[in-house]
Amino acid sequence: MTQLLAKGHRMCAGCGDALAVKFALEGVGERCIVVSPTGCIEVSTTPYPESSWNVPWIHSLFDNASAVAAGIEWGLKKLGQKEDTTVMVIAGDGATFDIGMQAMSGAFERGHDMVYVCVDNEAYMNTGIQRSGATPYDASTTTSPAGKVSFGNPLQKKNMPAIMADHGSPYVATTSIAYAKDAIRKVHRAAEIEGPAYIQIHAPCCTGWKFESSKTVEVGRLAVETGLWPMYEMVDGTIEKVKKIKNRKPVEEYLKMQGRFKHLFTMEGGEDEIARIQAIANWNAEHFGLE
Amino acid sequence: MDRENMAVVDGAYAVAHAVKVCKPDVVAAYPITPQTNIVEHISHFIADGEMDDVSINVESEHSAMSLLVGAGSVGARAYSATASQGLVLMSEVLFNVSGMRLPIVMTVVNRAMSAPLSIWNDHQDSISQRDAGWIQLYAEDVQEAADMTAQAFRIAESRNVLLPVMVCMDGFILSHVYEPVVLLEDDLIDRFLRGYSPVAVLDPDDPKTFGAFADPNTYTEFRYLQEMAMRNAVPEIEDAASEFQEIFGRYQGGLIEEYMTEDAEILILAMGSVVGTIKEVIPGMRAKGVNVGLIKIRSFRPFPAEAIKKAVADAGVIVALDKNISIGLGEGALLTETKSIICNSSIQTPVIGFMLGHGGRDITEARIEQIIMETSEVMKRGITVESRYADLKEELL
Amino acid sequence: MTEKTIEIRIHGRGGQGSVTAAELLAVAAFEDGWYSQAFPMFGVERRGAPVFAFARMRKHPINLRSQIYEPDYVIVQDATLIDAVDVASGTQSDSLIIINSEKEPAQLEIDAECRIVTVDATGIAMDIIGRPIANTTLLGAFAGLSGEIDVECIKNAVSARFPGKIGETNAEAVRKAFEMTGGGS
Amino acid sequence: MKITHAAIVEPGTTLVNKTGGWRTFRPEYDYEQCNGCGICETYCPESVIAKNGDRYVPDLDYCKGCGICANECPKGAITMILEGK
Numbered sequence: 001m002t003q004l005l006a007k008g009h010r011m012c013a014g015c016g017d018a019l020a021v022k023f024a025l026e027g028v029g030e031r032c033i034v035v036s037p038t039g040c041i042e043v044s045t046t047p048y049p050e051s052s053w054n055v056p057w058i059h060s061l062f063d064n065a066s067a068v069a070a071g072i073e074w075g076l077k078k079l080g081q082k083e084d085t086t087v088m089v090i091a092g093d094g095a096t097f098d099i100g101m102q103a104m105s106g107a108f109e110r111g112h113d114m115v116y117v118c119v120d121n122e123a124y125m126n127t128g129i130q131r132s133g134a135t136p137y138d139a140s141t142t143t144s145p146a147g148k149v150s151f152g153n154p155l156q157k158k159n160m161p162a163i164m165a166d167h168g169s170p171y172v173a174t175t176s177i178a179y180a181k182d183a184i185r186k187v188h189r190a191a192e193i194e195g196p197a198y199i200q201i202h203a204p205c206c207t208g209w210k211f212e213s214s215k216t217v218e219v220g221r222l223a224v225e226t227g228l229w230p231m232y233e234m235v236d237g238t239i240e241k242v243k244k245i246k247n248r249k250p251v252e253e254y255l256k257m258q259g260r261f262k263h264l265f266t267m268e269g270g271e272d273e274i275a276r277i278q279a280i281a282n283w284n285a286e287h288f289g290l291e
Numbered sequence: 001m002d003r004e005n006m007a008v009v010d011g012a013y014a015v016a017h018a019v020k021v022c023k024p025d026v027v028a029a030y031p032i033t034p035q036t037n038i039v040e041h042i043s044h045f046i047a048d049g050e051m052d053d054v055s056i057n058v059e060s061e062h063s064a065m066s067l068l069v070g071a072g073s074v075g076a077r078a079y080s081a082t083a084s085q086g087l088v089l090m091s092e093v094l095f096n097v098s099g100m101r102l103p104i105v106m107t108v109v110n111r112a113m114s115a116p117l118s119i120w121n122d123h124q125d126s127i128s129q130r131d132a133g134w135i136q137l138y139a140e141d142v143q144e145a146a147d148m149t150a151q152a153f154r155i156a157e158s159r160n161v162l163l164p165v166m167v168c169m170d171g172f173i174l175s176h177v178y179e180p181v182v183l184l185e186d187d188l189i190d191r192f193l194r195g196y197s198p199v200a201v202l203d204p205d206d207p208k209t210f211g212a213f214a215d216p217n218t219y220t221e222f223r224y225l226q227e228m229a230m231r232n233a234v235p236e237i238e239d240a241a242s243e244f245q246e247i248f249g250r251y252q253g254g255l256i257e258e259y260m261t262e263d264a265e266i267l268i269l270a271m272g273s274v275v276g277t278i279k280e281v282i283p284g285m286r287a288k289g290v291n292v293g294l295i296k297i298r299s300f301r302p303f304p305a306e307a308i309k310k311a312v313a314d315a316g317v318i319v320a321l322d323k324n325i326s327i328g329l330g331e332g333a334l335l336t337e338t339k340s341i342i343c344n345s346s347i348q349t350p351v352i353g354f355m356l357g358h359g360g361r362d363i364t365e366a367r368i369e370q371i372i373m374e375t376s377e378v379m380k381r382g383i384t385v386e387s388r389y390a391d392l393k394e395e396l397l
Numbered sequence: 001m002t003e004k005t006i007e008i009r010i011h012g013r014g015g016q017g018s019v020t021a022a023e024l025l026a027v028a029a030f031e032d033g034w035y036s037q038a039f040p041m042f043g044v045e046r047r048g049a050p051v052f053a054f055a056r057m058r059k060h061p062i063n064l065r066s067q068i069y070e071p072d073y074v075i076v077q078d079a080t081l082i083d084a085v086d087v088a089s090g091t092q093s094d095s096l097i098i099i100n101s102e103k104e105p106a107q108l109e110i111d112a113e114c115r116i117v118t119v120d121a122t123g124i125a126m127d128i129i130g131r132p133i134a135n136t137t138l139l140g141a142f143a144g145l146s147g148e149i150d151v152e153c154i155k156n157a158v159s160a161r162f163p164g165k166i167g168e169t170n171a172e173a174v175r176k177a178f179e180m181t182g183g184g185s
Numbered sequence: 001m002k003i004t005h006a007a008i009v010e011p012g013t014t015l016v017n018k019t020g021g022w023r024t025f026r027p028e029y030d031y032e033q034c035n036g037c038g039i040c041e042t043y044c045p046e047s048v049i050a051k052n053g054d055r056y057v058p059d060l061d062y063c064k065g066c067g068i069c070a071n072e073c074p075k076g077a078i079t080m081i082l083e084g085k
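Residue numbers (my numbering), protein chains in the order written: chain A, 1 to 291; chain B, 1 to 397; chain C, 1 to 185; chain D, 1 to 85.
Same shape as in the complex, but just chain A (with noise of 0.2 Å):
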């Protein structure tokens, strides 16, 4: 694999986000611009005067990336120049879910020549573990903690493959760190279509999920046997290819994985949360035909 980012950043041992990035730029090649929000990829891997980037790179703010990527990409265009650059987007879930998203909106209703990899760890992990609007349901997370009447994060994940589909994006597509092949296979598949591509790719991360930093690929894996986290690409808002489950598990063995999630098996009436997620689960196999 090409060194496109080098040793020595300060992601955490285990880190997810490493991962994501190191697979992104394995499928994009060097011949891209890379724009990052504010984050923990962001913080970690450009700390003046050293950066780990070996692509060329940019951090404006937090909720800028993808206009900062459409300007590139026009700018490139009314230049003339670097047709053969991919511009892409590394971004964390907050910035991708929350603050980022009318950039994001107003990039893919343009229809940007782009790649949009949102690396997401569900929650802001650089500021400690608050709640995003990519934290599961149940998850624990600094501010929406479990506690004696709270089983944590009271809300949905939202659906941002779904809604970028929406936005006429012509390929979208999700992954994940365990399955290194796949994302790699999907990220080069963007970079060679026209037009807005997104990725989502699910970076489970030790220090926020709270499990031992060796399991960060196992804990990734489970989430996809369990069909939490179903892989699939959408080519002009259709699935087009479904990654299949053979013997789904139950969702049990992903969550007690997890510190996050702890309180589900402590608390009274843990049972009937589990089911809740166990029936997400359902309703993923069920819609997106994983089995």
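No lab work stands behind these hints, which were simulated from the structure alone. Among the clues, some could well be false.
[What the hints assert, rightly or not] Cut-off 16 Å, straight-line C-alpha distance, at most; resulting in silico cross-link-like pairs (EDC-like, lysine to aspartate or glutamate):
id, chain 1, residue 1, chain 2, residue 2
1, A, Lys-78, B, Asp-52
2, B, Lys-288, B, Glu-306
3, A, Lys-77, B, Asp-215
4, D, Lys-2, B, Asp-215
5, C, Lys-59, C, Glu-148
6, A, Lys-256, A, Glu-291
7, A, Lys-181, D, Glu-41
8, C, Lys-103, D, Asp-59
9, D, Lys-18, C, Asp-83
10, A, Lys-77, A, Asp-113
11, A, Lys-262, A, Glu-273
12, D, Lys-2, B, Asp-206
13, D, Lys-18, D, Asp-54
14, B, Lys-288, B, Glu-221
15, A, Lys-77, B, Glu-394
16, A, Lys-78, B, Glu-365
17, A, Lys-249, A, Glu-291
18, B, Lys-339, B, Asp-391
19, A, Lys-77, B, Glu-4
20, A, Lys-241, A, Asp-182
Given chain A, work out where chains B, C and D should sit, using these hints.
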């Protein structure tokens, strides 16, 4: 002024035309009254093939300026225009653009800040962003707003400056007025603007990282270099104006412009379109034996401290007119900053200020005369009120 | 004469509880009759990356807001930091450096003219708390070696901070380190 | 060190920051078990594992000791060893 080259057009058209002549690579603007005519004219230039298809209709002002961060970082000459709420929505990005030293030029069609909502003119918007690290030039009339646009690119892109520039023109009063102007000459511009050559660009053949974070060990020095760049802009603004005069034959001041200031006892400091009304009033006052002169502040950032001190050295009293207010200080920025540059100097002249014209309230010649007379009283009886509204309607309170 | 302020710098890696240790010191110092202050060196704290935390204590209220440059005491939670950070920077001849290590001070090659003491805090923590988290244990060693704060106050701060069993075992580790470093004798 | 214009930074410069000191455990390979599948190299978040001849070798200057390689190795050829401190 050579009448035969003049055309009667609306202010927005003159500015849009100037933008066209300056040939930006990327234009990104979001519509907001009273700036809309500028972006509409640009869109028509493009639709009629008079201008390359450079403009992007974005989803917000925040995204307009963010998009230009991207475009600027690949070496594109970038332009935007906004007003009031839009400028302040961009505020986060304004600081970012200056910190990243991107020479973006933006017309700010000055408009009051909400609440209460107002679409009419004052300077509360651009003044509120004076610390964002942008050069801020204020135009007196439509001709200057257009000519200043070309000068703004020249100043912004000079290698020892590389800072973004706001060209501020008063909403409606200048943006929607029809008056004769010489439209920026397309055949002369290439002698004046020699293209933007960035220090570095995002390029896969020579990868660089833009926008790293600075910890306490280096942050201050980056801010210091911005201040140095702003100081380098002081001579650049003068040079741009004089070279513009050589090539285009028009001159409306550099950092400041002095009007009938010789032997003036009363010196008025003012910015924007009110300057024109003051120029109308002064000759009459002079005829009545009132020695009054005007200093047009053309550059508010960098604040022309030396130029102002030189100009006001022999005045009996200085009066600053402000279309903005710092709530809690009870005075406008021009008054505050004029006092601040004088207080440690040898100048003992009293300085007072009037706030007026907020939210688009009309400033009449009579109002200016009233201000001049009240200011002249100061020379006799000293300062009674240092700063107050000149056009407050007590009956409404 | 402004009475001397005691200044402490704690070295650790992200996730090792250096900031918690500084905070516990401040709580304990206040209970022991001092005025106190604790603050982290704000930075990009990543698990594993070198971090600092500071504590100050003096008999009357502290107004100072700057960092600590000439610490009276330095606590080093992780001996591998010695080649990453100058743990002795700013120490004076009468300062004391306490290092969590099984080795003897001489083996650690730290050039400092002040006294250096090593304590196997991780060992104590593993025995008593069952986890290699040495921050509270090192506070016991600090009390034992410096005599600046009553060890009971540190134990109270620790049990107040951590609930139930965890608080008890941490307080026990504080006591053990206190005694092993000659405290109370 | 002089600061650069607009804080622009050269690529790949975090190499000066050797993160090996972060770890408490070190991966140790049993090359008898290893079948050369390269899964360890693929899933190393630090990209420190590289092929040296026919052997995969972690760069201990940078390895943070997360243990993903050991956890994912299909042959159990990697074990995490506690490093003396």
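* To do: Quickly compare the C-alpha distance for Lys-241(A) and Asp-182(A) to 16 Å and report which way the hint goes.
  => holds (12 Å)
* Below or equal to 16 Å on CA atoms is what counts here, so check Lys-103(C) against Asp-59(D). => violated (26 Å)
* **Holds or violated: Lys-339(B) to Asp-391(B), with C-alpha atoms at most 16 Å apart** => The given pair, whose Cα atoms are some 22 Å apart, is violated under the 16 Å limit.
* To do: Quickly compare the C-alpha distance for Lys-78(A) and Asp-52(B) to 16 Å and report which way the hint goes.
  => Since the Cα atoms of Lys-78(A) and Asp-52(B) sit roughly 9 Å apart, the hinted pair holds (cutoff 16 Å).
* For the pair supplied as a hint, Lys-256(A) and Glu-291(A), confirm whether the alpha-carbon distance does not exceed 16 Å. => This hinted pair is violated, its Cα atoms lying about 23 Å apart.
* **Pair hint outcome, Lys-2(D) versus Asp-206(B) [Cα-Cα no greater than 16 Å]** => violated (21 Å)
* Asked: Can the restraint linking Lys-18(D) and Asp-83(C) be considered satisfied, given a maximum Cα separation of 16 Å?
  -> holds (11 Å)
* **16 Å Cα cutoff - pair Lys-77(A), Asp-215(B)** => violated (35 Å)
* Asked: Under the criterion that the straight-line Cα-Cα distance not exceed 16 Å, is the pair Lys-77(A), Glu-4(B) satisfied?
  -> Not OK: Lys-77(A) and Glu-4(B) at ~39 Å, beyond 16 Å, violated.
* Asked: Regarding the pair Lys-288(B) and Glu-306(B), is the alpha-carbon distance no greater than 16 Å?
  -> With Cα atoms ~31 Å apart, Lys-288(B) and Glu-306(B) exceed 16 Å; violated.
* **Agreement of Lys-2(D) and Asp-215(B) with the hint, judged by alpha carbon distance not exceeding 16 Å** => OK: Lys-2(D) and Asp-215(B) at ~15 Å, within 16 Å.
* Taking 16 Å as the top limit, are the C-alpha atoms of Lys-77(A) and Asp-113(A) close enough? -> OK: Lys-77(A) and Asp-113(A) at ~10 Å, within 16 Å.
Comparing the model with each numbered hint stated earlier shows that hints 2, 3, 6, 8, 12, 13, 14, 15, 16, 18, 19 do not hold.
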